[in-house]
Every structure is written in structure tokens, then in C-alpha cells.
Amino acid sequence: MSQAKDVWITGIGILSSLGEGLDAHWEALNAGRVNVDETRFAPYIVHPLAPVSFDAQIPKKGDQRQMETWQRIGVYAAGLALDSAGVKGKPEFLSRMDMIVAAGGGERDVAVDLAILNADAKGNSAPGFLNEKLMNDLRPTLFLAQLSNLLAGNIAIVHGVCGTSRTFMGEEAASIDAARIALARIESGESDIALVGAAHNGERPELLILYELADFNLKGKYAPLWSRDKTHGGFALGSASVFLVLESREHAEARGAKPYARLSKVVSDLAPRKQAGAITNSLERLWSKLGIGDTGSLITGATGAEPATSEEKAFLQKHPGYAVRSTGTVFGHMLETQFPLGLALAALSISRGALFPPNDPTGFEVEKAGAPNQIVVEGAGHWQGEGLALVEAVK
Amino acid sequence: MSAPRDKLGRPIVVVTGMGVVTSLGAGKKDNWDRLTAGESGIRTVTRFPIDGLKTTMAGTVDFVTADSSAALTERIAHIATEEALAQAGIGAKGDFPGPLFLAVAPVEVEWPQRFEVARAVGQQDFGYPEILRVAGGGRYAYLHHRFMFGSIARNLAETYGTKGSPISLSTACASGATAIQLGVEAIRRGETDAALCVATDASVNPESMVRFSLLSALSTQNNPPQAASKPFSKNRDGFVMAEGAGTLVLESYDAAVARGAKILGVVAGCGELTDSFHRTRSSPDGKPAIGCVLKTLADAGMAPEQIDHINAHGTSTPENDKMEYSATNAVFGEHTSKIPVTSNKSAVGHTISAAGAVEAIFSLLTLEHQRIPPTINYENPDPAIPFDVVGNKARDARVTAVMSNSFGFGGQNASLILTREPA
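Quick mapping for you: the protein sequence lines, in order, are chains U and C. In terms of this note's numbering, the first sequence opens at residue 1 and continues consecutively. In terms of this note's numbering, the second sequence opens at residue 1001 and continues consecutively.
Derived by calculation from the structure, the hints in this document are not laboratory data. In this text, all values refer to a predicted model and were calculated from it rather than measured experimentally. We put the CB at the ideal spot given by N, CA and C, even for glycine. Keep in mind that the hints are not guaranteed to be accurate.
Not close to chain C: a few residues of chain U, all C-beta gaps over 12 Å, as computed [as the list claims (entries may be wrong)]:
{"id": "1", "residue": "Asp37"}
{"id": "2", "residue": "Ile292"}
{"id": "3", "residue": "Leu316"}
{"id": "4", "residue": "Ala354"}
{"id": "5", "residue": "Lys368"}
Each computed DMTMM-like pair below joins lysine to aspartate or glutamate, with the alpha-carbon atoms no more than 20 Å apart [said to hold, decoys possible]:
{"id": "6", "chain 1": "U", "residue 1": "Lys368", "chain 2": "U", "residue 2": "Glu392"}
{"id": "7", "chain 1": "U", "residue 1": "Lys265", "chain 2": "U", "residue 2": "Asp294"}
{"id": "8", "chain 1": "U", "residue 1": "Lys122", "chain 2": "C", "residue 2": "Glu1130"}
{"id": "9", "chain 1": "U", "residue 1": "Lys122", "chain 2": "C", "residue 2": "Asp1125"}
{"id": "10", "chain 1": "U", "residue 1": "Lys122", "chain 2": "C", "residue 2": "Glu1116"}
{"id": "11", "chain 1": "U", "residue 1": "Lys265", "chain 2": "C", "residue 2": "Glu1191"}
{"id": "12", "chain 1": "C", "residue 1": "Lys1295", "chain 2": "U", "residue 2": "Asp192"}
{"id": "13", "chain 1": "U", "residue 1": "Lys274", "chain 2": "C", "residue 2": "Glu1158"}
{"id": "14", "chain 1": "U", "residue 1": "Lys133", "chain 2": "C", "residue 2": "Asp1125"}
{"id": "15", "chain 1": "C", "residue 1": "Lys1007", "chain 2": "U", "residue 2": "Glu190"}
{"id": "16", "chain 1": "U", "residue 1": "Lys219", "chain 2": "U", "residue 2": "Glu38"}
{"id": "17", "chain 1": "C", "residue 1": "Lys1287", "chain 2": "U", "residue 2": "Glu92"}
{"id": "18", "chain 1": "U", "residue 1": "Lys133", "chain 2": "C", "residue 2": "Asp1051"}
{"id": "19", "chain 1": "U", "residue 1": "Lys289", "chain 2": "C", "residue 2": "Glu1191"}
{"id": "20", "chain 1": "U", "residue 1": "Lys5", "chain 2": "C", "residue 2": "Glu1191"}
{"id": "21", "chain 1": "U", "residue 1": "Lys219", "chain 2": "C", "residue 2": "Glu1130"}
{"id": "22", "chain 1": "C", "residue 1": "Lys1054", "chain 2": "U", "residue 2": "Glu132"}
{"id": "23", "chain 1": "U", "residue 1": "Lys133", "chain 2": "C", "residue 2": "Glu1108"}
{"id": "24", "chain 1": "U", "residue 1": "Lys133", "chain 2": "C", "residue 2": "Glu1207"}
{"id": "25", "chain 1": "U", "residue 1": "Lys265", "chain 2": "U", "residue 2": "Glu250"}
{"id": "26", "chain 1": "U", "residue 1": "Lys133", "chain 2": "U", "residue 2": "Glu206"}
{"id": "27", "chain 1": "U", "residue 1": "Lys133", "chain 2": "C", "residue 2": "Glu1116"}
{"id": "28", "chain 1": "C", "residue 1": "Lys1054", "chain 2": "U", "residue 2": "Asp137"}
{"id": "29", "chain 1": "C", "residue 1": "Lys1295", "chain 2": "U", "residue 2": "Glu92"}
{"id": "30", "chain 1": "U", "residue 1": "Lys274", "chain 2": "C", "residue 2": "Asp1095"}
{"id": "31", "chain 1": "C", "residue 1": "Lys1163", "chain 2": "U", "residue 2": "Glu284"}
{"id": "32", "chain 1": "C", "residue 1": "Lys1295", "chain 2": "U", "residue 2": "Glu190"}
Construct all of the structure, not just a fragment, from the sequences and the given hints.
What follows is the structure, given as C-alpha cells:
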């Protein structure tokens, strides 16, 4: 193997509860803004998507109609990332751009589901009843809006990203591994430029049910992440999408692209969580692979779910020289989008020469002065999987 | 046996273990015997009521039972994986020395479980707030765990002790090939000496069938069910949903030789190319499929003339089979007519997320036995598709390099080239 190539982050697209684009996010993070809705799904809490006109990135209404919200959010943010990298509408790059999308599943037709469940409750469950309702009431195109790999499919259709397309699934870990594989492929020369990211619509009752099944939802009153505990814990779902353009330094330089930061490492693992302390130990093992010092900055996507968040905190407390920022406080939990958001905010902070201020009444997050040279990004799934990345200033 | 590196200087990737489950049965022997005998695994669905469905047959795996598609998907993956690991004899029990790449269908809560929770509401005319009120408290926690997208990979990773974070992936009908490709890439990059590549799909449930049916993708020639899947036939009318799993143990040639493993074949090349034409239809000019095949040949460092068999995607849909012929013809030109082509989907149906791996295994068995399994139901050849289809009866042939194609939904194209020995 020849020497690993440097990989730059040359494009960032963010659409979230705080708005769209890098300036809006930088301003909101510095102002300590949080957009939370405690009433729409009360007692559940969501971080709703900021108002957006999808036309700006998805000009054809026909395309928009073929998608559900999670895909529109994702295709939109992917477009922002391509714009930011300066490759939007340039087939000479897009036609060989590799894509790894981390995706869950799309929205269900809530009205159809409820009608079936209510009919069943009334004893109307003759053989074939379910078939008949589904055959008659499901929109044919809804399937396409639900299929995991059709977020990537829509990005290919709308933006023309059509080198290769891979969709990883598996909640939070999916996007950690998406970044890890994209990085490895570019480092090894298998790929020159890649689009990596995820999208999540948190404003969905069927998702609230899924997480309520195992009591993961934050209920009642919103609380910042580090203020949550076993009696008032869990996560508030958030809507967001983040995409990054990763490319080899030589490829970026050849086309005159400027980096936000360098992505140096992504490491991940699957701790056997039946053992207490497994997440702390796993993160510690991954930490040792980063080859970093005792002081620095770290952005975590801690979910608020237990025992994961307590174990993450125990890990973070072993590295007191690191100033911590949690995305969960501000953006809520966005499953697959959690880790790309951490990478994006790390690259943004490096490019702006400052770590954004803490947003934590408990004082666990501390002020950090000066321009960060390195930022560690951490992600641990609410149920499985964990990983770290190292984002660095380009020297 | 020759060089441990391929023409591009990368470690050669070999297969040392294989396991397969389809509607024809469990295991390579049963599958191969029945596949080459021209049998069909397609039957009328008995797992759930078929009243009101336009398509009533599928290639279900009925000899294993489970209470959800997700659970069945996992069960058959275990069966295939145990067979592959037993053959490979690699690592120790529960300690596989490499990562897991899993091709799997998207997962979500299914209707029996949705009914189970909603019935606990205990009132009529309810909405989501009422379901949410009964969902928590822990009695349904197992449903969360079952219906996480990462659950199957996690359970496989824990059982077989694969290393690192397991990757679950979906590239639609190309997923199985993508899982193999991820394993090949990891070995070529030198990250690992071995990879466990699993592809599994047991999605035959009412909603999945309805969804595909509403897209007019499925054959509706329900009687007799075993005649429904007829790739390259003039009267083909859609694919037949099916279930299956395939597991391949990949190793670097060096590592396999060092431990004295039997080499079953070589993954000489893989390639992929996305189609941005349409959400369900392939570009009619076949350009992305052509590009995919060319990339795969280039990756293997092979000329088209070196391919002596094509294990086709061959879904039996009107458009896809036609596009596959024109794409193949564009690449292989005059050589096309000299290449015997078969579609395993005629017999086992379309195992969707698993198809790429299941068909890679059948391709490797073809290399081993020097016998090409037939495309059954080939009674009425489509004159627009003048492939040399191995119709209805297995054909003995000299086969040294097989191209296995997956040209799927959502514009996902992937191809593999499998050979007997390192080139």
C-alpha cells in the first residue's frame, strides 16, 4: 500500500432546527439558541425543522412529490454541501463522486396505519382485510419514499451524484461507518471525492412509538443534555440533515478547492453492552487509536439515553483537559445524522478559528479560548455502536 | 497457483467458505442439486392470507419459522453463516478474525407487532397519543430491539465474534454484491485478512408484497406459481419475490494459503455505478450498467473475451431483462453470443437484498462443477434478447470466469467477476 492520502472536508451542508447553512448555524450556536417544541407531540419533545423552501435545492415539484420529508431534508442538505464544495452542477466531478448515505426508513402513512389499527380494534380482521386496506389505501409511490437507499437515489436524480452509491443502515453507527469507509477509500486511492451524510425527520409519531417501546423518549419538559438523569432522561428527536464532501487533498488542490478542515481518523466499534462499563471501555480503546494529547476539544452526539450517556460521561471525565460540546442539547437526537453533524460542527469550528461556546447549565461543558487545531468527534448509539473521529486544521 | 497479488498490485481475495439458503432448501448441496435439476422454489404463499392480493406466489423459505420478517431474516442468515464458517474452518467458534458486512432489507415494525401494541390500547377510535400511552414501560422493549436497523448485524456480530463495527447496508437488489465488494475492498486495503460477507432477505409479508405490487413490479402469473419467473422469455411480466441468504468467507490469498485453507474461488473484480435516471427504472440506454460492467472488467484487469459465463441479474421484468441484454451486448459485442447466460431467479425468485451473494455462490458452484444451472421456464424466448440462454436444462461447460450482475432498483448497479484460480 502506498502512503495514505490526506483527506479534506471541502463541503458542508447543514439543515436543522436552527436553520440552514454555515453562517446561520455559527450565529445560532454562538447565541446559544435552541429550537424546541414541547406541545405538538406533548408530552414528547421535538426539535422541529426550521422553515425552509425546498425549491431552492429541489427545483422540480415532481421530484419533491416523489419524496417524503426525510428525503427532502436530505436532498436539500446534500445540495448545500455540493454548493459549499463548489461542485454543484458540475458533472465532471459529480459523475464520479462516490456517495455513502446513512439512512433509516421513511415516513409511514400514519392515517392509513391508524385506520387499519382502529378497524382491527373493532374486530374487523377477517382474512385478507389487511391486504385489502393496504392494496387500496397505500399510495404506490410511498414505498419509494420509505426505502432506505432512495435517499441516495434521490440525491443521484436531483443533483446528479452518480459515481457509486452505498446506503448504510443501523442507526447512529451507520454514519460513523459511512465516514470511516469513505475516509479509507479516499486514503487508499479507491476514491477521489465522496459525499457522506444522513437525514432525519424527527417529527414522526411512528418514530416516537418505536423509541417509546424501550422508554428512550424525553418527556414533559425539555432539559439540556447534561441535566438529564435517570428520572428525567432520554432523547428529544430532532429533524436535521448533514452532508459532507470529502476529497483527497490532491484532488481538491487540482480543482482549486479550499478545505474547511482535514478528516484524519474515524474509528468505530460495537461494545457488548450487556456488560456495565462496556461503552466507557470501548471509547477508551478507540481514543488510544487517535494518537492525541491531553488537552483539546470534543463534540459529542451523546443521546441522553441510559446507560449510554452516563458511560460516555465517565469516559469524558477521564479526559478532563478536553472541552466538551454536546449537540444533543441544541439539536436533539437525530440518529444517523448525529455523527455527521458532529463532524460538520468540528470542521466549521476549525474553519472559524474558535470552538462555539458551551450551552450547559450544569457546567460540564467549559469555555475554551483560542483557535482549535484538532477536534475529536464522538458518537455513541442509544442502543449499539460507538465511534470517534479526529478533525484537524489543514496545515 | 501464482502470484499472491493481482495485476494492480493488491492482495488477491479468495473465497474459503460459502453457505446458502433459498426457497429450494438449506445448504449448498440441496440448492445445487435442485437448481441444476431445474426445480423451482416458487409456490403459493401460505404464511398469511392472500385474499385480495394481485400476486399470490413467492419463493418463501417455509422450512424455517419466525414471528417476523426481521427474525426470519436473521435466522436464515445464521443458517448460511454456520455452513460457510464450517466449510472455511477459520478462527475459533465465536471468534471470526475480521469484520462483518451485512446486506439486509430495511427493517421496521411489522403488522403483527403493530397490532399487538395497538390492541393494548383497549378503546376504540384511538390515535397515536393513545398508542404512545401503552407503548412504554418496558413490556414491548423487545420490539424496539428487534426492529432496530442494526439489530440483525449486531446479533450476527455477537454470535460469530466478528471484529469492529458491523456494517449493515442496502443497495437494493445489488446489496449482496455490495457486501462482497466491501469485504474485498477491506482486504485489498490491508485492513484485514478476512471478512464475513452475509446477505439475507426474508421480506415476504403482506405489506412488502403490496408495496412491490403497487409499483407493478411483480409477476401476476400466479398459476402455476413455479412458472411465474421466466427471465428472457417473451411473456415475462415481473419479478417474483423470494427469500434467501448467502454467506461468503473472504480471505486474502496469502492468509488462506498460510492456514492451508481450501480455496473455492477468487473474487477477481468488482464494480458499481449509479444510475440517476429514475427511482425504479433503469436507464433504457443501459449506460450505467455498461459502465458498471466495464469498471468491473477493469478492476479485474480482464478483457471481455475472458468472461465465459454470465450469471445474469435476469429479474424477469420486461424492462430490466431487455436493458441487461443491450448493456451486455454493448460491452461484449460479437463475443456476447458465445457466452452462455443464466438467471438463477427463474428457480429461486428474486431474493432482493440477498440476490447478489446467493448468485455469487451459485456462480462459484458453477465454476466448481463446470456445469451451468438452467434458466427454467424458458419456453418462449424473447427474440429481442438473443442471449445464449442456458434454457431449462443444465449445461456442462468449461467455465473459468463468471460475471455476476446485479442491476437494481433505485439505479443501483454492481457486478462481480469470479474465477477459479488467481490469474
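Status of each hint after checking the structure:
no.: 1; hint: Asp37; result: 15 Å, holds
no.: 2; hint: Ile292; result: 20 Å, holds
no.: 3; hint: Leu316; result: 20 Å, holds
no.: 4; hint: Ala354; result: 32 Å, holds
no.: 5; hint: Lys368; result: 29 Å, holds
no.: 6; hint: U:Lys368 / U:Glu392; result: 16 Å, holds
no.: 7; hint: U:Lys265 / U:Asp294; result: 17 Å, holds
no.: 8; hint: U:Lys122 / C:Glu1130; result: 15 Å, holds
no.: 9; hint: U:Lys122 / C:Asp1125; result: 9 Å, holds
no.: 10; hint: U:Lys122 / C:Glu1116; result: 14 Å, holds
no.: 11; hint: U:Lys265 / C:Glu1191; result: 14 Å, holds
no.: 12; hint: C:Lys1295 / U:Asp192; result: 16 Å, holds
no.: 13; hint: U:Lys274 / C:Glu1158; result: 11 Å, holds
no.: 14; hint: U:Lys133 / C:Asp1125; result: 17 Å, holds
no.: 15; hint: C:Lys1007 / U:Glu190; result: 15 Å, holds
no.: 16; hint: U:Lys219 / U:Glu38; result: 9 Å, holds
no.: 17; hint: C:Lys1287 / U:Glu92; result: 16 Å, holds
no.: 18; hint: U:Lys133 / C:Asp1051; result: 11 Å, holds
no.: 19; hint: U:Lys289 / C:Glu1191; result: 14 Å, holds
no.: 20; hint: U:Lys5 / C:Glu1191; result: 15 Å, holds
no.: 21; hint: U:Lys219 / C:Glu1130; result: 15 Å, holds
no.: 22; hint: C:Lys1054 / U:Glu132; result: 10 Å, holds
no.: 23; hint: U:Lys133 / C:Glu1108; result: 19 Å, holds
no.: 24; hint: U:Lys133 / C:Glu1207; result: 10 Å, holds
no.: 25; hint: U:Lys265 / U:Glu250; result: 18 Å, holds
no.: 26; hint: U:Lys133 / U:Glu206; result: 19 Å, holds
no.: 27; hint: U:Lys133 / C:Glu1116; result: 18 Å, holds
no.: 28; hint: C:Lys1054 / U:Asp137; result: 15 Å, holds
no.: 29; hint: C:Lys1295 / U:Glu92; result: 17 Å, holds
no.: 30; hint: U:Lys274 / C:Asp1095; result: 18 Å, holds
no.: 31; hint: C:Lys1163 / U:Glu284; result: 17 Å, holds
no.: 32; hint: C:Lys1295 / U:Glu190; result: 12 Å, holds
Hint compliance for this structure: every hint is met.
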